[in-house]
Amino acid sequence: MTTLPTVLDLGYSLCPNDTFIFHALHAGLVPAPLPVREVLEDVQTLNDWAVTGRLPMTKISYRAYFEVMDTYVALRSGGALGRGVGPLIVTRGDVEDLNGRTVISPGALTTAELLLRLVFPQVQVVRARYDEIMPAVARGELGGQRVDAGLIIHESRFTYPQHGLHKRLDLGAWWEGETGLPLPLGAILVRRDLPHDLQGQLNEAVRQSLEYAYAHPQASKAYVRQHAAELSEEVMQAHIDLYVNAFSLDVGEEGERAVQELHRRAVAAGAVAPSALPLFVR
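Under the working numbering, the very last position in the sequence shown is 577; numbers go up by exactly one each time.
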């Protein structure tokens, strides 16, 4: 039998959408079955940690989720799905076909890299932290290796022109054109060994945290700004407006279909193994 923790470690990123969603839960402003302790890391680190089941509750890329479904199940609330939210491929100049070219990715287990490989199966990939990608593309090299393009996520979607870069492809737009579905980016997971009723209570706590954020928009401002200090108020708000939406309150039937389709394509591409486990907490 699983021994319940006295404090629940919750991993999420420093990005404005996550700090906006989880501020009320972290601050104890909404009911929760257990006290919550923030663990702030970049998403790729959280992806890597999930492979070992390090945290009982964590933000993760949907691509990474497909690797750890035996250990975790996704909550219906708190995730990032939507339209017009996809990662971008950026370049210094015109580059038509990226097959055989070198692209910087923010991580092997990111949804962004999965989409890149679905579009350009012969792409060559090197990896760096997401905030190191645009400067490297602007230089044309990473660690002395030539790079032709970068795969950017998070707030980089709003700031890449400042680095003199050009959009080669919006992978979200590609996905929507292919499937007609919203793009699944990130999910909030809980370990499957937690009691089922606790999983449901945590889902409700996350939903209430987001509802509180919407009802009290000034309450989370300082917390969001603290962890996104390099961003302007306008960029922080644009980030929240883009990545936090109705799917964040509840993934819904359409969101479930989108995640199922992403999983199906990942399996078909040989990127992940098939699984019959339920994708979401019931």
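Quick caveat, the hints were computed from the structure, so don't treat them as lab data. Virtual Cβ for every residue (Gly too), placed ideally from N, Cα, C. Heads up, some of the hints might be wrong.
Think about it this way: if two alpha-carbon atoms lie no more than 20 Å apart in a straight line, the pair counts; the simulated SDA-like pairs of lysine to any residue are [to be verified]:
#1 Lys462 to Lys516
#2 Lys462 to Arg434
#3 Lys516 to Gln496
#4 Lys462 to Gln503
#5 Lys462 to Met429
#6 Lys516 to Val530
#7 Lys516 to Pro490
#8 Lys516 to Val334
#9 Lys516 to Arg441
#10 Lys462 to Gly435
#11 Lys462 to Thr386
#12 Lys462 to Gln521
#13 Lys462 to Val390
#14 Lys462 to Arg441
#15 Lys516 to Leu526
#16 Lys516 to Gly495
#17 Lys462 to Arg487
#18 Lys462 to Glu391
Taking CB as the label site, the calculated pair distances span [as the list claims (entries may be wrong)]:
#19 Ala564 to Val421: 34 to 44 Å
#20 Pro330 to Ala514: 15 to 25 Å
#21 Glu391 to Ala514: 40 to 50 Å
#22 Gly547 to Val302: 45 to 55 Å
Results for each hint:
1. Lys462 to Lys516: violated (30 Å)
2. Lys462 to Arg434: holds (16 Å)
3. Lys516 to Gln496: violated (26 Å)
4. Lys462 to Gln503: violated (37 Å)
5. Lys462 to Met429: Holds, because 12 Å separates the two Cα atoms, which is no more than 20 Å.
6. Lys516 to Val530: OK: Lys516 and Val530 at ~13 Å, within 20 Å.
7. Lys516 to Pro490: violated (34 Å)
8. Lys516 to Val334: holds (19 Å)
9. Lys516 to Arg441: Given that 20 Å is the threshold and the Cα spacing comes to 40 Å, the pair is violated.
10. Lys462 to Gly435: Holds - the C-alpha atoms of Gly435 and Lys462 are around 15 Å apart, at most 20 Å.
11. Lys462 to Thr386: holds (7 Å)
12. Lys462 to Gln521: violated (29 Å)
13. Lys462 to Val390: holds (10 Å)
14. Lys462 to Arg441: With Cα atoms ~19 Å apart, Lys462 and Arg441 stay inside 20 Å; holds.
15. Lys516 to Leu526: It holds: about 13 Å lies between the C-alpha atoms, which stays within 20 Å.
16. Lys516 to Gly495: Given pair Lys516, Gly495 is violated - Cα atoms ~28 Å apart, limit 20 Å.
17. Lys462 to Arg487: At roughly 40 Å apart (the allowed maximum being 20 Å), Arg487 and Lys462 break the hint.
18. Lys462 to Glu391: holds (11 Å)
19. Ala564 to Val421: 34 to 44 Å: About 20 Å separates the Cβ atoms of Ala564 and Val421, which means 34 to 44 Å is violated.
20. Pro330 to Ala514: 15 to 25 Å: Given a distance of about 19 Å, which is inside 15 to 25 Å, the answer is holds.
21. Glu391 to Ala514: 40 to 50 Å: holds (48 Å)
22. Gly547 to Val302: 45 to 55 Å: Check failed, 31 Å falls outside 45 to 55 Å.
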